[in-house]
Amino acid sequence: MKKRILAALLASATLISMAGCSSTQSTSSTTSSAGDGQSSATEAPANSGDATEAPAESGDATEAPTESEAPGEDKAAVDCVDDITLADGEGKVLNIAVWNDDWKKQFEQYIAPHMPKDVTVNFRITENKENAYQNKLDNDLPENESKSADEKIDMFLFEADYATKYVASDVTLDVKELGLTDDDVKDMYQYTKDVCTVDGVLKGVSWQATPGLFAYRREAAKEILGTDDPDAVQAELSDWTKFEAVAAKAKEKGYKMLSGYDDSYRVFSNNVSKPWVDENKNVQIDDQLMAWVDQTKKYTDEGYNNKTSLWDDAWTKDQTPGQKVFGFFYSTWGINFTLAGNSLKTPEKEGGKLEVGNGEYGQWAACYGPASYFWGGTWMAAAKGTDNPKLVGSIMKAFCCDPDFAKAFAKETQDYANNVPMMKELADDPDYGSTFLGGQNHYALFFNVADKISMDKCTIYDQACNEQFQGAFKDYFDGKVDKDTALANFYTKVKEKHPDLVTP
Amino acid sequence: MSKDYKTIEHSSALQRSGGDPDMKAGPGLLIHRIVCYVVLTFFSLLCLFFFYILIINATRAHYDIMRGFSFFPGGSFGTNFMSAVSNDTIPILNGMLNSLIVAGLSGLLSVYFSAMTAYAIHVYDFKGKNFIFNFILIIMTIPTQISALGLFTMCSDWGLRDTYIPLIIPAIAAPTVFFFMIQYMKSSLPLDIIEAARIDGSGEFRTFNTIVLPILKPALAVQMIFSFVSAWNNFFVPSLIIDTSTKKTLPLMIAQLRSADFLKFDYGQVYMFIFLAIIPVMIVYFCLSKFIIAGVAVGGVKE
Amino acid sequence: MAQPAAVGMQAPAKKKGGIGKYKKWGYIFMIPFVVVFLIFQAWPLIQTFYYSFFEYYKTGLTWVGPNFCGIDNFAAIFDFSRVNLFALTYNTLVMWAIGFIPQIIISLLFAYWFTNVRLRLKCMGIFKTIIYMPNLIMASAFSMLIFSLFSDIGPINEIIKTFNNGEPFRFLSNTWSTMGLVGLMNFMMWFGNTTILLMAAMMGINESVIEAAEIDGAGSGQIFWKITLPLIRPILVYVLITSLIGGLQMFDVPQILTGGMGSPNNTTLTLIMYLNNNIGTSRNYGIAGAISIVVFIICAALSLVVYYGFAQDKTTREANKRAKAALKAERARRGQ
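Protein chains in written order, with the numbering used here: chain A, 1 to 504; chain B, 1 to 303; chain C, 1 to 336.
Hints were generated in silico from the structure; no laboratory data involved. Even for Gly, the Cβ is constructed at its ideal location relative to N, Cα and C. Incorrect hints may have been included.
[What the hints assert, rightly or not] Cβ-Cβ distance ranges computed for the label pairs, FRET-style:
hint : chain 1 : residue 1 : chain 2 : residue 2 : range
1    : B       : F131      : C       : A97       : 26 to 36 Å
2    : B       : L30       : A       : D301      : 56 to 66 Å
3    : C       : Y90       : A       : K457      : 37 to 47 Å
Next up, chain A with everything else stripped away, as it sits in the complex:
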């Protein structure tokens, strides 16, 4: 009896999963470009739904809004990818380690249709909770060479905060071994290469750059500053002193300048003058970080923020329609995906559309803010021992190096592609405007910030330091401990992650 119920459940679930999978995949290509946003926004989800099987269809969606330009130049991203062939002697199984299915979906949409038919691609997903993804990589990568061909990890993805850890070790391969040339990577943002370069050897590449901006509510700007024009607002926010003055004004009008404690963290931590850890493994606290501490404490005590923490529910709620928070520091993905999604009254899952009129969509704008910064970013690398180096190289070339793909991909996803000339084209395009930002061309802003990004202060300890620093000072902002105790707690926590560090 129980078996039969289980069987029935299994059967129905299989059906459901076949029917249901298209509904979750449409997020990436829904936002539109040019003024003609609404028509393409409505079409895109349907077309790109079952990405792997319908490569031809997804082209239609993006052609509509860009009629004015030369048609040959504007192929759909998926059509920019050349068919990939399997080099002699390479394995038929490609294993890719990732921590979520973001890139898996992009792979399925753009690359999978062009993969050699006899190659099986396995995504090994390990969530990054409590460091599980990295722990898994740390276990598997060093012994990758001794595994059987089909068991080997061939490529894996990693994020900015722990990029150095993998590229600095010998578990990653030189991209030249994979078939990438200097010419292939010449248009990439230098910082995306620097972070993956060890002793002059480039070991990983990225398809995106992640410059950050300050996104604000136009309504709030009008009320507080009398204008919502990005240039005028920028003039009022161009340094931290001015920023604070506006925060005080905002308070008078019943607004919070920022949502929580960590909002401005990256704006400070990206502008440090020394790395987290020096060559003798001493942890050093940069003045910029203490400036963040002092500013946030002041904002908290003065009531300029809502005392939320990054990613918590209250923080997200502050981004939804009707909330009295002036703005958020967010980078590329944050503005185009997270904030745009949160601004809706009827979310996409319930049939809402990313269009003006739905909640506060279209009622936001962005400016540079008091300092330039970046946030996030994902890179890919080949694992030492892979039996598919050329295949991995081909995927990297198609996804990260091809200028046509970069441009088409950027337009389809509103992501900021890692290709300087192509992004310049978009930034200079007078016809381009983001519907979410009320017609503002955010690429123009991103372009100027992206130029200034530097990751030369990176260490393998950054993730632990950043996370624990923010965590430890939450108690200080909450008024539970004094600054010294918070600092001591930070030292303790960071030593739990890296016992080799030297702390005062």
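We have chain A already, so just place chains B and C on it with the hints.
Frame of chain A, contents of chains B and C only:
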């Protein structure tokens, strides 16, 4: 045992209606009863409240849940159900099956073998028996997490990582079950029965399986529930051992869902997942709960 | 362990069934338990303990050690200038007690009501079934629910805000409220379980003992304190010890509620959370081994205190004696 108990209950109830001083205070007893019902109802509602919230949240969409709390169901049950069962990176049905295998087997093994060990101590006289008894009591004081690290290394060395062996087999040595069983045997397993079986020519092993186990049934059922539930909800050890997504048990999957990237995070789906994950363990619980209702008597004074 | 026997948990001393030729079956029946214990518990335990004297961890992708380092790891975890095991043991025990004290009281009460024949309550089956149900919810799921109820934007705070000028009470930014929530959750999850165990103990009491006492004119309060409680003491001790050990193992509830931080200011950080922090990224076998040894010693010591403090007592033996005497008298009376 339960029969004896009922007859006693019956006879004493009869007796009491006459001479008990408390009984004469009729209103006192009534008030006492009312207090009991009120308190019990309050706590039962409190218990059910959490299930209620869980189910309500499973019917609400992510953004609704984010925006605030509600005591009334939303309209997204279908959507949430779809997204929970069709998530191909976190296959819930696989998870249920895996959890059933792990929890079911470890429940059975721990109950059977710990009862067997308790039986050995209770029935037989042998050298070192007291030592072993005390030793098992000391084992009881070792938190599982203490040996987890060593277990992890050992499993890596022996190629047991990513298998169910380290999740299931250790259940055989369950000192808490052992202890409960030995207490139960003391009150409910007359040695004469074993003696009689021996005279009938039954082997020791057969006696245990066919005569002793049925007598122990109520205690086995209660401990089975406890072991099953704790294995079903276990997170710490599986999180160290299991890597492959199709081998993951439900708590690991829930952790994975909860840690989903911000963009992917969907409360509706998470609550639906939790709701679905509770259903099998509820079914098991309701199947065995008659033993909880009837009650199991352990220890105490015998005549 | 000179004579743990006196608790009523004792290994029965002499057995009618223990005739020589059956002896070997005693050993045979214990083989699976002992073998599994040795492989899956004892061996890992020895390894864990062994590494506590070594510097042995990972930083980034590089392993450091194992290098013998004497008692450095122990010195580190007892360093009073930062998070140390005394503070953590205190946190853990306080949170355990906040949950356990109401738990044992409510469970005793419920078990007493459920087994009290005089009350003859109806629908007990439903109540008994329901009170165990919270245990079926995973701790992580339970924590999420509690978190959503008590968060700054949760329903409880919506109510508080109306009384408090729109300011929420930030439960999870305050030590006592965070501890209280952890205690509440542990209480909710475990009081049903404890009730079932205590019920089992109370049902084991021969009803005629209580009857006899009643006939002798004892009130219900007296019966409870003088007869029921002492007679269920073995199970009570069992509940106390298992709950204490469970409490010292407390991990997932505060872990999820505080996002692993033990906030504020490490005041809700438990022993096992600390252990977990040291395994999580750095796989620090040295420190983790040292913590393990200390936790083991704390558990064993507290269990022994409970065991001898509560169990080794006169009242139980007296109650036993009283019970037997009462039974004899009762039988004599009925016999007439």
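Okay, the hints, checked on the actual structure:
1. F131(B) <-> A97(C): 26 to 36 Å: holds (33 Å)
2. L30(B) <-> D301(A): 56 to 66 Å: holds (58 Å)
3. Y90(C) <-> K457(A): 37 to 47 Å: The hinted range 37 to 47 Å holds for Y90(C) and K457(A), with Cβ atoms some 40 Å apart.
Consistency note: the structure conflicts with none of the earlier hints.
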